[in-house]
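*Asks:* Sequences are here, hints too, so could you generate the full structure?
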Amino acid sequence: MAFLELQNLVKSYGRVQALRDVSLQLAPGAIGLVGNNGAGKSTLLKVLLGLLRPDAGQGTILGLDIWNDSSEIRGLVGYMPEITATVPMLKGAEFVTLSGDLYGMPHTDARRRAHEVLNYVGLGELRYRRLDEYSTGNLQRLKLAAALVHDPQLLLLDEPTNGLDPNGRAAMLRTIQDLIAETGKSVILCTHLLGDVERICQQVVVLHQGTVILSGEMAELKQKAASRFDITWDGDGGAYVAALQRAGTSVTPIVHRAAISNGTLSGYTNGDGTFDFAKINAAQVTVGEDWTTSTFFQLAQDHGVVLRRLRPVEENLQDLFLRVTANKQDGLPPRPSL
Amino acid sequence: MASPAQQTTGGIDLARYHGWKGKLRNRWAGCFAMVRVCLLQVIRRKLYWLVLALGVSVFLIYWSLIYALAQLNLPEFSDAILAEFQFNVNPTPGVESGFVQFMNQQSVVVMLLLALSGSQLVGADFRLKTLTFYLSRRIDRGQYIVGKLLAISTLIATMTVLPALLLFFEYGAFTTGREYWLANWQVIPAVLGYGAVMCFTLSLMLTTISAYLQKMAPIAITWACLFVLLKTIAVEVARETREPSWLLLDLWADILFAGRVFFGVFPEREDGLIVGMNHGIAAWAILTIVCTVCMFLLVRRVRAVDVVE
Numbered sequence: 001m002a003f004l005e006l007q008n009l010v011k012s013y014g015r016v017q018a019l020r021d022v023s024l025q026l027a028p029g030a031i032g033l034v035g036n037n038g039a040g041k042s043t044l045l046k047v048l049l050g051l052l053r054p055d056a057g058q059g060t061i062l063g064l065d066i067w068n069d070s071s072e073i074r075g076l077v078g079y080m081p082e083i084t085a086t087v088p089m090l091k092g093a094e095f096v097t098l099s100g101d102l103y104g105m106p107h108t109d110a111r112r113r114a115h116e117v118l119n120y121v122g123l124g125e126l127r128y129r130r131l132d133e134y135s136t137g138n139l140q141r142l143k144l145a146a147a148l149v150h151d152p153q154l155l156l157l158d159e160p161t162n163g164l165d166p167n168g169r170a171a172m173l174r175t176i177q178d179l180i181a182e183t184g185k186s187v188i189l190c191t192h193l194l195g196d197v198e199r200i201c202q203q204v205v206v207l208h209q210g211t212v213i214l215s216g217e218m219a220e221l222k223q224k225a226a227s228r229f230d231i232t233w234d235g236d237g238g239a240y241v242a243a244l245q246r247a248g249t250s251v252t253p254i255v256h257r258a259a260i261s262n263g264t265l266s267g268y269t270n271g272d273g274t275f276d277f278a279k280i281n282a283a284q285v286t287v288g289e290d291w292t293t294s295t296f297f298q299l300a301q302d303h304g305v306v307l308r309r310l311r312p313v314e315e316n317l318q319d320l321f322l323r324v325t326a327n328k329q330d331g332l333p334p335r336p337s338l
Numbered sequence: 001m002a003s004p005a006q007q008t009t010g011g012i013d014l015a016r017y018h019g020w021k022g023k024l025r026n027r028w029a030g031c032f033a034m035v036r037v038c039l040l041q042v043i044r045r046k047l048y049w050l051v052l053a054l055g056v057s058v059f060l061i062y063w064s065l066i067y068a069l070a071q072l073n074l075p076e077f078s079d080a081i082l083a084e085f086q087f088n089v090n091p092t093p094g095v096e097s098g099f100v101q102f103m104n105q106q107s108v109v110v111m112l113l114l115a116l117s118g119s120q121l122v123g124a125d126f127r128l129k130t131l132t133f134y135l136s137r138r139i140d141r142g143q144y145i146v147g148k149l150l151a152i153s154t155l156i157a158t159m160t161v162l163p164a165l166l167l168f169f170e171y172g173a174f175t176t177g178r179e180y181w182l183a184n185w186q187v188i189p190a191v192l193g194y195g196a197v198m199c200f201t202l203s204l205m206l207t208t209i210s211a212y213l214q215k216m217a218p219i220a221i222t223w224a225c226l227f228v229l230l231k232t233i234a235v236e237v238a239r240e241t242r243e244p245s246w247l248l249l250d251l252w253a254d255i256l257f258a259g260r261v262f263f264g265v266f267p268e269r270e271d272g273l274i275v276g277m278n279h280g281i282a283a284w285a286i287l288t289i290v291c292t293v294c295m296f297l298l299v300r301r302v303r304a305v306d307v308v309e
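So the sequences go chain by chain: P and S.
Position 225 of the first sequence, counted from 1, bears residue number 225 in our numbering, the numbering being contiguous throughout.
Position 48 of the second sequence, counted from 1, bears residue number 48 in our numbering, the numbering being contiguous throughout.
Everything labelled a hint here was simulated from the structure, so no lab data went into it.
Model, not experiment: these values are computed from the prediction.
Please note that a few of the clues may not be correct.
Claimed, not checked - Facing chain S, according to a computed beta carbon distance under 7 Å, are these residues of chain P, among others:
hint	residue
1	Ser71
2	Arg74
3	Val87
Unchecked claim - In silico negatives: residues of chain S with every beta carbon more than 12 Å from chain P:
hint	residue
4	Ala68
5	Leu72
6	Asn104
7	Thr154
8	Gly172
9	Glu179
10	Leu192
11	Ala220
12	Leu230
13	Lys231
14	Gly272
15	Ala285
16	Leu297
17	Arg301
Claimed, not checked - Which stretches of chain P does chain S cover? Using the computed rule of at least three CB atoms under 8 Å from a CB of chain S, they are:
hint	region
18	75–86
19	100–106
20	171–183
For each residue, glycine too, the CB sits at the ideal point set by N, CA and C.
*Replies:* Here's what the structure looks like:
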């Protein structure tokens, strides 16, 4: 069941379109919202929270309308903003208690919960210190505690590891991971650090220039992304490669770096500059969605070559992101600007 | 069997996450949390202690004088001092109530406190983007504005309305009969009415100015221009032209005139300018316009779109 459903969402700031026709359907779980700076990630989070009214389109989150039920949504969602956004002169426990009060918790409950969540995020010892004495890492943890205080069903985390050193980043990610594992809460992690998303999230949404260019289960996307194979063969590969190309694949030869001389591959090319696959025995093959690996073997048998190695090229989220955003670079119309 | 962590923390496992199953209250309850936090912010800053001490000192002087007047056998001394302070506990017809004078004197301290605290109570929300924090909780901008107005109003009322009522009850407590209460019961609604005008007008103006200017220096300068410079100009123009309506240019005086409507007394001025009930009504009209403009500007400023980076 989709806990977040958006249909043709549009949001503009003046003439700049921050979100363009965003449609999404996501199941509960840990979701990574990734994109370059200015892709529209923070705008999307604010639209989900009802802080910004979309110009067009509609959507529901946890079964509630994102604009008409925004107050109820904020009661069920914990938001950790990217910016520091603290109240001067307050102590850690007071700040988190205030957060609980503003969410609508009874004051005594808010105060008790503040101590609990501060302990949980590792700020138990610092809860009576003033906020201006907190380090960047501690402020990030404090914001997480403030988002958790009312025990929300969904957490919106906007750049939770921003400005943290490696140890702080690892600790923050561990806390979020533990939280998901212990409570089963859904998390939308908005970041441009793809490693964080890869480590935590099962689903990913890629935003590019205000448009969703990729969304779905991380494993499934990687599976789809595994459309490239490294192959090695024995025998005359010319006919075999030609057959692969006729079958709709794209074949890129793999040659040893030492073969490159003066920027050319003279020993491996024909007179017309094309590759001579009779002299090459390795290539990377990009296949279509309906391709099956058995076709490699079938074609090899048909053309008298022995397939020595067939290995799918593993693609991490960064490769995937770079590939899909590069593909879309030319596909999208330029964003209108002032 | 309890784990070591559980044993050391009295049975609560602090390392694990615990849910909360309570029921959320009405969103307006968040306004009171804002009031509490704003008062905490003021109390924690030592700079404000000086101003608060000044306000408390004035109150204690009046308290002591009323005590001396009622309990000690020093009527001439007390009367002379109270007259010096223009504090008439039992005013004769046409003479202004001492409580109006007291609240007006306290408003000097309040003005000083507001000029200094506006940047922290409201300006910081915009300067440090804390508005994101507030509006991303369950409250919306209506509740945010009401919360801030209530917080500043509480600060003003603590310095003016509350001590004025305390002085009223103090004097009454020292009397033996019911005459004092029967003769002066109107003082209570009048003090509350004047206090309400002062609280609403000043809190709305401060919140609006602080939302736009954000830092202490520009807020204090603007505040001084509005309430000191305008006062000076208004008084000088009124004296030169002998036209008391010019006094309405002074917003501080407008608040006083609007407050005097509740007491029904417009005493003679030292400069001979005659201010009457018609000026009180005009002051109400001016304050209504000023508050409407402030509210319009404030609502425009506290918009979610401003949260966006």
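*Asks:* None of the hints should be skipped; say for each whether it holds.
*Replies:* Do the hints match the structure? See the list:
1. Ser71: holds, 6 Å
2. Arg74: Holds - the Cβ of Arg74/P comes within 7 Å of chain S, reaching about 5 Å at its closest.
3. Val87: Holds - the Cβ of Val87/P comes within 7 Å of chain S, reaching about 6 Å at its closest.
4. Ala68: holds, 39 Å
5. Leu72: Given that every Cβ of chain P is farther than 12 Å from that of Leu72/S, nearest at about 43 Å, it holds.
6. Asn104: holds, 30 Å
7. Thr154: Holds, because the least Cβ-Cβ distance between Thr154/S and chain P comes to about 16 Å, which exceeds 12 Å.
8. Gly172: Non-interface label stands for Gly172/S: nearest chain P Cβ at 35 Å, farther than 12 Å.
9. Glu179: The claim stands: Glu179/S keeps its Cβ more than 12 Å from every Cβ of chain P (closest is about 44 Å).
10. Leu192: holds, 27 Å
11. Ala220: Fine: 17 Å to the nearest Cβ keeps Ala220/S off the interface.
12. Leu230: Label holds. Min Cβ-Cβ 30 Å, cutoff 12 Å.
13. Lys231: holds, 31 Å
14. Gly272: holds, 48 Å
15. Ala285: holds, 36 Å
16. Leu297: holds, 20 Å
17. Arg301: The claim stands: Arg301/S keeps its Cβ more than 12 Å from every Cβ of chain P (closest is about 15 Å).
18. 75–86: With 8 residues close enough to chain S, the hint holds.
19. 100–106: holds (count 6)
20. 171–183: This one holds; 4 residues, not fewer than the three required, reach chain S with a Cβ under 8 Å.
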